[in-house]
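Asks: These protein sequence lines are chains H and P, in that order.
Residues 204 to 797 (the numbering used here) make up the first sequence, in order.
Residues 204 to 797 (the numbering used here) make up the second sequence, in order.
Among these hints, one or two may not hold up.
Just so you know, same-sequence chains aren't split out, so a pair can sit in one copy or run between any two.
What the hints assert, rightly or not - Restricting the straight-line Cα-Cα distance to at most 30 angstroms, the calculated cross-link-like pairs of lysine-lysine (DSS-like) are:
1. LYS345 - LYS517
2. LYS422 - LYS205
3. LYS649 - LYS664
4. LYS582 - LYS379
5. LYS444 - LYS345
6. LYS649 - LYS517
7. LYS344 - LYS278
8. LYS670 - LYS521
9. LYS336 - LYS205
10. LYS661 - LYS649
11. LYS262 - LYS469
12. LYS556 - LYS462
13. LYS655 - LYS590
14. LYS344 - LYS536
15. LYS598 - LYS556
16. LYS345 - LYS425
17. LYS419 - LYS262
18. LYS344 - LYS205
19. LYS262 - LYS517
20. LYS524 - LYS298
21. LYS776 - LYS556
Simulated from the structure, these hints should not be mistaken for laboratory data.
2 protein chains.
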Amino acid sequence: MKEISVAEFFEKNKHILGYSNPAKSLVTCVKEAVDNSLDACEEAGILPDVFVRIVRVDKSVYRIIVEDNGPGIDKIYIPNVFGKLLYGSRFHSIKQTRGQQGLGISSAVLYAQLTTGKPATVVSKTPKQKAWKMKIAINTKKNEPEILSEEEIVWHRPHGTRIELEIVGSYVRERKQSVYEYIRQTSIVNPHARITFVEPDGKVHEFERVSNEMPKIPKEIKPHPHGIELGTLIAMLKSTKASNLKRFLKEEFVRVGDKTADEILKRSGFSGRENPRSLNRDQAERILKAFGEVQLLPPPTDCLSPIGSDLIVKSLMKEFKPEFVYAVTRRPKVYSGHPFLVEVGIAYGGNIKSDRVEVMRFANKIPLLYQQGGCALTKAVASVNWKSYGLQQSKNELPNAPVVVLVHLASTNIPYVSESKEAVASIPEIVEEVRLALQEVGRRLKDYLDRKQKLQRKRKKEDALAKLISLLAEKVCEVLEREPLNAEIVVARIMGKVYFERSFENGRVLLRVVNYSKARRRFRIYEMCDGSVNGDGEVVNSSPYSTIFWDLELRPDEEVIIEYECGRVINPKPVVEGLEEDIVSGAEVRRSSP
Amino acid sequence: MKEISVAEFFEKNKHILGYSNPAKSLVTCVKEAVDNSLDACEEAGILPDVFVRIVRVDKSVYRIIVEDNGPGIDKIYIPNVFGKLLYGSRFHSIKQTRGQQGLGISSAVLYAQLTTGKPATVVSKTPKQKAWKMKIAINTKKNEPEILSEEEIVWHRPHGTRIELEIVGSYVRERKQSVYEYIRQTSIVNPHARITFVEPDGKVHEFERVSNEMPKIPKEIKPHPHGIELGTLIAMLKSTKASNLKRFLKEEFVRVGDKTADEILKRSGFSGRENPRSLNRDQAERILKAFGEVQLLPPPTDCLSPIGSDLIVKSLMKEFKPEFVYAVTRRPKVYSGHPFLVEVGIAYGGNIKSDRVEVMRFANKIPLLYQQGGCALTKAVASVNWKSYGLQQSKNELPNAPVVVLVHLASTNIPYVSESKEAVASIPEIVEEVRLALQEVGRRLKDYLDRKQKLQRKRKKEDALAKLISLLAEKVCEVLEREPLNAEIVVARIMGKVYFERSFENGRVLLRVVNYSKARRRFRIYEMCDGSVNGDGEVVNSSPYSTIFWDLELRPDEEVIIEYECGRVINPKPVVEGLEEDIVSGAEVRRSSP
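Produce the entire structure from the sequences given, and follow the hints as far as they go.
Replies: Rendered as structure tokens:
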């Protein structure tokens with residue numbers, strides 16, 4: 204019988220940490236290093252600039268280099284951070300971070316050592332210290348770092364960290380589960396980060412910063428009384444420094460003020476003056492029971508750092524150019540005392556061609572690439588009845604439609620199914636929140652699809668009408684020996700639309716606009732031209748094309764004619780903004796940018 | 204920055220060990236205790252007698268009691284076994300056991316403490332010591348046991364261990380993921396164990412011992428050179444006691460003899476006289492490369508303890524009474540230096556009514572109840588093209604047929620996806636073996652289904668023929684004014700069958716048997732009767748019915764008539780054994796018991 208070191212345990216069970224095959228191991232190593240870089244930058248309030256390079260050293264041996272502009276690591280901590288498992292700064296703090304356990308990067312070092320026998324090479328510099336370069340191995344029997352060499356070096360960065368690992372791996376380019384995909388998805392949900400990625404063949408991918416705003420830095424909070432375990436409460440009572448029970452409640456928990464503390468004390472039969480350290484198991488149980496009975500505010504949001512529905516919409520727009528996009532950020536909730544919140548984005552059509560829904564899963568802004576089937580987030584998507592939102596679906600399966608669903612779970616403690624952080628466990632509270640968020644975006648999608656269908660029906664009717672009228676008009680004109688009639692304007696008048704007509708006369712452009720609808724309409728018309736533009740609209744000169752636009756307001760049946768001069772009109776029809784598509788005839792409608 | 208204890212880590216991440224919801228947590232606690240009991244009995248060569256009781260203490264609080272007749276635990280080890288995570292005897296040994304990490308039972312103690320604040324109560328007695336009763340808690344900050352009380356007691360067992368835990372849980376009776384199902388499946392693959400299970404409502408289930416034979420005790424082996432990691436090899440070189448490199452190879456690895464050692468040395472450019480402790484990384488790499496180049500026997504089987512195809516067939520027969528059953532035990536293979544073997548059983552029809560295949564997964568004789576979708580064993584079943592074996596199937600999904608597939612993976616190191624031991628990771632070597640085993644049973648199933656279909660077609664033809672002949676015979680007899688003819692015997696003669704006809708005359712039973720087939724036939728006829736039986740066959744008297752049987756051998760066209768007396772014949776037709784169903788007419792065919 205003997206003790207087993209954590210390092211030995213994880214060396215033997217490396218698949219638990221995501222090292223189950225060469226391709227996945229390579230992704231995992233990159234992921235651990237990049238997650239660390241992003242966490243470090245975020246905590247120090249630095250806009251991250253991360254450099255990732257993968258070099259093929261031998262048939263199945265790759266060198267991984269990850270370098271960041273983070274705050275750097277103080278020299279005395281470097282060996283433990285990289286050479287000791289379960290060592291870190293974030294385990295005992297309650298706030299949203301990518302890494303929590305102090306396992307990630309040291310497990311990558313362990314994997315490198317196991318497969319190639321080579322130590323990690325670390326360079327790190329804080330603003331105050333010189334740069335240090337160390338070669339670090341792990342003594343697995345003791346779970347302690349071994350420093351093989353250390354030297355002070357001159358480094359080009361004012362601060363930052365660089366790690367170099369050599370591992371047995373396999374580099375794949377396939378879209379779904381690859382280093383490229385991990386970095387692409389990471390950049391989608393971290394728009395404030397710039398990531399440069401150099402592939403083994405030398406190809407460089409720049410994932411540019413989309414936003415220069417730092418995400419709000421999540422604040423550390425105290426535990427929330429709802430859902431806390433009895434054992435945890437007993438341990439907290441034993442080790443508290445509070446002088447009495449009431450102070451203990453107010454000081455060691457979030458959302459417990461004077462009034463709530465009194466109510467808890469009353470319900471559990473305490474005065475509040477008791478010494479918390481003297482309470483026994485049964486007394487603690489009474490307090491726990493009272494916790495469950497009192498109404499409490501949900502935990503504060505500021506320990507969580509959501510992406511934000513605006514940025515999700517922007518990212519999905521940029522990535523898929525869909526015809527419809529919508530996103531929600533739900534309010535924070537609690538499971539087992541851990542605050543969490545769910546964000547969901549949905550994109551439909553446009554560049555999304557596949558007829559099977561794509562689910563992009565994120566946990567604390569980390570893309571989850573593996574174990575899609577075993578993940579509660581995927582299951583929640585499959586469990587929603589998408590038929591009622593207008594999508595095809597077999598019961599309890601992912602819907603069949605050109606749809607991308609983005610699900611982001613942010614929490615102070617993501618309940619991963621395993622330490623490899625690939626899938627979220629089925630916590631009922633979380634599944635419920637994801638479902639609610641999905642239903643919310645689902646309803647919006649349904650509205651859009653309904654509108655679209657209605658519009659299509661209307662247009663069909665109009666097309667039929669237009670054909671009929673043209674024919675009729677032609678015949679009538681023939682009989683009356685009149686000039687052929689413009690059928691479009693007749694249809695516009697009958698259907699109650701705003702009618703646009705562009706014509707050219709003596710080198711000038713004429714725009715005729717008639718409001719046949721029953722309401723007063725305000726809108727803007729654009730024309731895009733080359734050559735010099737001359738007219739009474741506002742002109743925005745830029746190369747190669749210029750834009751001229753007019754803001755109009757027309758009463759019912761009012762008509763205006765606008766004239767301007769230019770070299771050549773570029774857009775096939777005038778562009779209008781501020782009117783719904785179904786009441787416009789003869790112009791292209793541009794939606795206001797979201 | 205600080206160190207995190209393993210106990211703190213797993214307390215915060217308890218879902219990783221299988222404690223993700225109250226129902227599952229209850230199953231996990233029982234499982235950990237029962238697995239330990241079975242392991243302990245098996246190692247000591249004791250036929251296990253395990254008692255499991257669950258008592259409802261409060262709305263959501265349950266007491267779990269698991270007691271065994273194992274060898275007991277020496278008093279000095281008790282606290283660490285139950286109160287320290289990553290402590291055990293099996294981690295460093297290479298052989299097939301249920302528990303390996305020294306995590307299971309101590310994690311259950313940790314979960315009990317976290318949810319109810321109560322310590323574990325352990326009673327254990329070895330044959331040499333008196334029985335000790337201890338209350339044990341875990342100091343999570345240090346990952347060390349705390350003994351709250353200890354006393355010597357009088358216990359009724361000569362040796363064994365009993366553990367009592369109180370946890371927050373939920374008791375479900377639903378078939379698939381429950382304590383009952385875990386115990387039922389455990390007894391299927393552990394036919395040498397007797398398990399008594401008392402449910403919270405007092406209902407007692409006895410899972411009787413089916414076999415009195417102890418499974419072969421797996422032997423500990425040394426690592427196999429194929430698939431070993433470079434880091435492991437370097438660590439082995441560093442810590443070996445062998446005086447030279449050749450001795451190191453021969454003594455520290457299995458399947459490396461004098462000749463193989465010489466070949467490895469030659470290929471890696473060593474003489475064999477080198478000091479193994481002085482080798483550097485690059486030299487170790489050369490040896491590893493040579494390992495991959497030499498032909499080696501697979502690792503010995505005796506470190507593994509398969510269930511055996513016979514017992515799998517017996518268990519499936521007992522459980523499902525199927526119309527077809529088959530099982531294979533594959534030869535052992537290696538992945539990453541770990542020997543493993545795969546067993547697969549298949550059962551078709553009979554009591555299996557569901558049209559969706561049921562996959563029963565086992566790892567080292569432990570039933571896997573959760574994460575079916577995320578398990579490589581399930582995926583392997585889905586990846587086989589079952590259409591070519593006569594079953595309906597959508598591509599890469601489980602087939603739709605009344606089929607039960609049992610998959611057992613035995614290994615010295617099961618590659619679980621996570622520490623909760625619910626699903627096997629997708630190791631290519633393992634998936635391949637499972638697929639090969641499935642294909643083997645699939646081919647047998649196909650043979651059976653083909654035969655069945657052929658028989659059905661033949662019978663259809665016969666039925667048509669019989670109808671035609673009856674009609675014809677009737678008409679002919681009418682015309683010729685003859686007694687109506689027996690159509691069955693005519694069909695039997697035309698189709699070349701063995702014909703049986705039972706008739707009664709003066710209180711005696713007459714069996715007429717004619718061999719219309721073209722070959723000499725040997726078979727046995729049974730009749731089941733009540734009252735006293737009198738005839739020249741062998742009589743087996745038993746209550747309430749007796750059986751009389753005759754062994755016959757008939758040449759082609761030979762006819763016999765057997766006479767006997769009895770109170771009443773029970774079976775509707777005579778029963779015959781030793782003939783294929785498709786050549787029998789007028790009797791029921793019994794298959795020889797497998």
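Asks: Each hint: holds or not?
Replies: Tested hints:
Taking the closest pair of Cα atoms, LYS345 and LYS517 never come within 30 angstroms of each other, the shortest separation being 49 angstroms inside a single copy and 48 angstroms across copies. Proximity of LYS422 and LYS205 under a CA criterion of 30 angstroms is satisfied inter-copy only: 20 angstroms between copies versus 41 angstroms inside one chain copy. Taking the closest pair of Cα atoms, LYS649 and LYS664 come within 30 angstroms of each other only inside a single copy of the chain (22 angstroms); across copies the shortest separation is 58 angstroms, beyond that limit. For a Cα distance limit of 30 angstroms, the shortest separation of LYS582 from LYS379 qualifies both inside one copy, at 19 angstroms, and across copies, at 19 angstroms.
In this assembly of identical chains, the alpha carbons of LYS444 and LYS345 lie at most 30 angstroms apart only when taken from different copies (20 angstroms versus 33 angstroms within one copy). Taking the shortest Cα distances, LYS649 and LYS517 sit within 30 angstroms of each other inside one copy (21 angstroms), while across copies they are farther apart (55 angstroms). In this assembly of identical chains, the alpha carbons of LYS344 and LYS278 lie at most 30 angstroms apart whether taken from the same copy (24 angstroms) or from different copies (27 angstroms). For the identical chains of this complex, LYS670 and LYS521 are neighbours neither inside a copy (39 angstroms) nor across copies (75 angstroms), given an alpha-carbon limit of 30 angstroms.
Taking the shortest Cα distances, LYS336 and LYS205 sit within 30 angstroms of each other only across copies (22 angstroms), while inside one copy they are farther apart (36 angstroms). When the C-alpha separation of LYS661 and LYS649 is checked against a cutoff of 30 angstroms, the pair qualifies only within one copy, where the shortest distance is 18 angstroms, while the shortest distance between copies is 57 angstroms. Only between protomers do LYS262 and LYS469 lie at most 30 angstroms apart by alpha-carbon distance; the minimum there is 23 angstroms, versus 70 angstroms within a single protomer. In this assembly of identical chains, the alpha carbons of LYS556 and LYS462 never lie at most 30 angstroms apart, being 57 angstroms within a copy and 61 angstroms across copies at closest.
In the homo-oligomer, the alpha carbons of LYS655 and LYS590 lie at most 30 angstroms apart inside one protomer (16 angstroms), although the nearest pairing across protomers, at 42 angstroms, exceeds that limit. In this assembly of identical chains, the alpha carbons of LYS344 and LYS536 lie at most 30 angstroms apart only when taken from different copies (29 angstroms versus 42 angstroms within one copy). For the identical chains of this complex, LYS598 and LYS556 are neighbours both inside a copy (22 angstroms) and across copies (22 angstroms), given an alpha-carbon limit of 30 angstroms. Taking identical chains as interchangeable, the C-alpha atoms of LYS345 and LYS425 lie at most 30 angstroms apart only when they sit on different chains, with a minimum of 23 angstroms there against 33 angstroms within one chain.
In this assembly of identical chains, LYS419 and LYS262 lie within 30 angstroms of each other by CA distance neither inside one copy nor across copies; the values are 44 angstroms within and 43 angstroms between. In this assembly of identical chains, LYS344 and LYS205 lie within 30 angstroms of each other by CA distance both inside one copy and across copies; the values are 12 angstroms within and 19 angstroms between. Proximity of LYS262 to LYS517 under the C-alpha cut-off of 30 angstroms is found in neither arrangement, the shortest distances being 41 angstroms within a copy and 49 angstroms between copies. Proximity of LYS524 to LYS298 under the C-alpha cut-off of 30 angstroms is found in neither arrangement, the shortest distances being 34 angstroms within a copy and 56 angstroms between copies.
When the C-alpha separation of LYS776 and LYS556 is checked against a cutoff of 30 angstroms, the pair qualifies only within one copy, where the shortest distance is 27 angstroms, while the shortest distance between copies is 65 angstroms.
Consistency with the previously given hints fails for numbers 1, 8, 12, 17, 19, 20, ordered from lowest to highest.
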